[in-house]
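**Student:** Listed below are the residues making up each chain.
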Amino acid sequence: MDPLILARLQFAVTTIYHFFFVPLTLGLSIFVALLETLYVRTGKTVYKEMTKFWGKLFLINFAMGVVTGIVQEFQFGMNWSEYSRYVGDIFGAPLAIEALLAFFLESTFLGIWIFGWDKLSKGAHAAAMWLVAIGSNISALWILVANSFMHEPVGFVLRNGRAEMDDFLSLLFNPHLFVQFPHVLMSGLTTAAFFVLGISAYHLLRQGESRHGFRISFQIAAIVGLVATLWVIMSGHSQAQHIVQVQPMKMAAAEALWESEDPAPMSLFTIGNEAERRDVFAIRLPRALSLLAYNQLEGEVKGINNLQVEYEQEYGPGDYVPPVAISYWTFRIMVGLGFLMLAVVVYALFLVVGEQLDAAPRLLRFLPWLILAPYLANTAGWILTEVGRMPWVVYGLIRVEEAVSPTVTAGMLWTTLIGFTLVYGVLMIADIYLLRKFARAGAEDTPFLQPGPEEPIPSIVGD
Amino acid sequence: MDLNILWFILIAVLYTGFFVLEGFDFGVGILLPILGRTDQERRVVINTIGPHWDGNEVWLLTAGGATFAAMPHWYATLFSGFYLPLFLILVALIVRGVAFEFRSKDRHPIWRRIWDGCIFVGSLLPALLFGVAFANLARGVPIDAEMNYVGGFWNLLNPYALLVGIMLVVGFTLHGANFLTMKTDGEMRERARRVAWRLWPIVVVLLAATFIFTYQQTDIVHQLGINPGMIPVLAGLTILAEGYLIRKERDGWAFTFSVLTVILTSATYFLIMYPRVMVSSLNPEYSLTIYNAASSPYTLRIMSIVAAVLVPIVLLYQGWSYWVFRERLTTHSELEY
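Going line by line, the protein sequences match chains A and B.
So that you can map any letter, position 450 of the first sequence is 450 in this note's numbering, and since no number is skipped, the others follow by simple counting.
So that you can map any letter, position 114 of the second sequence is 1114 in this note's numbering, and since no number is skipped, the others follow by simple counting.
Hint data in this document are derived by calculation from the structure and do not stem from the laboratory.
Any given hint could turn out to be false.
What the hints assert, rightly or not - Quick look at which bits of chain A chain B covers, simulated, 3 or more residues with Cβ under 8 Å:
#, region
1, 269-283
2, 334-343
Stated by the list, open to error - Short derived list, chain B residues pointing at chain A, Cβ under 7 Å:
#, residue
3, V1058
4, L1061
5, Y1075
6, K1105
7, Y1317
Claimed, not checked - Rough simulated footprint, nothing fancy, chain A against chain B, three-plus residues with beta-carbon under 8 Å:
#, region
8, 1077-1090
9, 1259-1266
10, 1302-1313
The beta carbon of each residue, even a glycine, is placed where N, CA and C say it ideally should be.
So that you can see chain A by itself, here it is in the shape it has in the complex (with noise of 0.2 Å):
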């Protein structure tokens, strides 16, 4: 097999997985300090159940996070070694930045909050937690940073046969960056906030002693997930105008829109044949994509033949679709789940405010299933940006064949991609076991550390 579709197929994989585990980081630590805060301020002992319960299973997620993480500080100079080269003066920038002012601050005072239960003030112990989470979240925004390089190349020059940074300030104000963070940063707060939702939901349903506590998490968790949602679907919007603009192409696919077309129609299903570049079925909404462009009822939208045609001019021969089935399909799973998310998100808070939880057990139900929702929407979401952009690896500069690393061979990759995919499908089936069994037990049977057996474990050596 081609070592570059190995190679490819290989940071899908670790890339997809690390990022099951962020968005919760990112959105349960912010809720978990909130918690706490509530504890030091009112010194009720509900909010600190709540934050050492919640905590427990932030903790179990984080650890997989982190982990999973290391991967990718390394993986681009593994198989992506020519990428490396290429763009490593701006590229590695953000990466280092991120590593000192972000991992060593959630690393260091996550230690401390997990230990410092005693060993500090009250106060001093849910400031350790803020630090988690700001720490989580700025790591958020540089490694953006670095992806938005890709889409939107700023701040460079050619030079040196390489692309080397000349403006760092204008990484930092990537337009691209401004549509990309807050979509992410809210798109972690909802998924934290239907993880707490589902499993809240669950123990309300069950009667437990520790009810008043889900009761609250519900409410704040209803609160948070329904202005997170929103703010999701609205930066959304506004990263799908952007795109329009600066990555036509994407967008072209993501509507399996083949010929430029204005006013343009927005497809409601669509299956294509995609060798032929034609409709095969299509239902159409007229007008509807040029409004969601450009909040007009015309304007020209870019069909995909046309732009094939614009950039074998501008960059000479080739094949500059992305993969259309899948650009159009992660599109709409994204935004259906969002669409569904904010509607249940509605209701739920609806009944929340009118205190008739209670008395829709349905929805109680149906909630822990939903906890997949945001996951599915995260990753279906990342698929479309970084498909979609294909078969540039940086929009413009350097194609995906031209990135890969020359000495690695296609066993080489075989090897660490069934190895990585074993181990995380091992410590996979292990998260899930935990995050259960902790989900399930409620906020006050199951110690979180259980005391192991009394006897001797056999020991390897003599004394």
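Please build the complex by placing chain B on the supplied structure of chain A, with the hints as guidance.
**Tutor:** Positioned in the frame of chain A, the structure of chain B alone reads:
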């Protein structure tokens, strides 16, 4: 001094910091099944590094990020070249990190046994492979005119590299034993001290052997001269003093000298390399240096400002976290892991 030299020093400091801090973490992990005879004792062992292991590991991530930012060709050649060893290191660090967090969260003995195994292997393997990697960096590996490593996997496992790897495994285990002697009390403290005392002569022999073979295998004579200067000599003196301090039960000082040995040994390797960052065994012209592997002066300037601001702050709060958790642990302590 130009910024290229500054960044060579900074990257050397980051790797050295990683070896000092994660070095005793690895040692503690390797000693886990040896010193922890009951589950509670194992928890004590793990809890001594509980608040710190993750922050210590960030030194490696920062070293990787700094290499990428300041010396992108070094980053590209090293990690695409030392591909499978790096993969093994990553897998080891992944299972080890998860194991710390997961092992005490279920009481089933097999669950705990598996994660303890992950901690042991996940500590031993990276120690070995980092030794192999750095030995090869200094010894030289086949790098072609395009800056690509063309040597394959087995080429890395030469006897000299394996010697340095084993030296690092045993050395870190001693470092960890010193740390445990300092961080625990009662029976565990005595046990850790006994292990340190037994390991010490082995480390002395391995370090001496490494020293001798370094003269044969690297161009240290050309780089540092027959008399290599103070740093390697001090590395030898500190390891000798360490034995005396272990014997005299000066826990804090023994650990301090253990730290010094790690720093001086690591510094020696970077001195042998300087100003190269990867030595080519095919042609000295092909070696990567702090100049031909580096980022542009502009990027180096930006990163220097960033580092000057952030590194002191990081050192301050990480140091503070060690101060917060300065108490010795026993089986009666409140344990979180």
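**Student:** State for each hint whether it applies.
**Tutor:** Results of checking the hints against the structure:
1. With 0 residues bearing a CB less than 8 Å from a CB of chain B, the region 269-283 of chain A misses the requirement of three and the coverage assertion fails.
2. Judged by the Cβ-Cβ criterion of 8 Å, the region 334-343 of chain A is not covered by chain B as claimed, because only 0 of its residues qualify and three are needed.
3. Below 7 Å, beta-carbon pairs count as interface contacts, and V1058/B has one with chain A at about 5 Å; its hint therefore holds.
4. Because the closest C-beta pair between L1061/B and chain A is about 5 Å apart, less than 7 Å, the hint holds.
5. A cut of 7 Å between beta carbons decides the hint on Y1075/B: the least distance to chain A is about 5 Å, and the hint holds.
6. With a cut of 7 Å, the hint placing K1105/B at the interface with chain A holds, because the nearest CB-to-CB distance is about 6 Å.
7. A distance limit of 7 Å between C-beta atoms decides the matter here; for Y1317/B the minimum to chain A is near 6 Å, and the interface restraint holds.
8. Only residues whose beta carbon comes within less than 8 Å of a beta carbon in chain A count, and the region 1077-1090 of chain B has 10; three or more means the coverage holds.
9. With 0 residues carrying a beta carbon less than 8 Å from a beta carbon of chain A, the region 1259-1266 of chain B misses the three-residue requirement, and the given coverage is violated.
10. Check result for the region 1302-1313 of chain B against chain A: holds, 6 residues qualifying (beta carbon to beta carbon below 8 Å, three or more required).
The structure fails hints 1, 2 and 9 (numbered hints given earlier, in ascending order).
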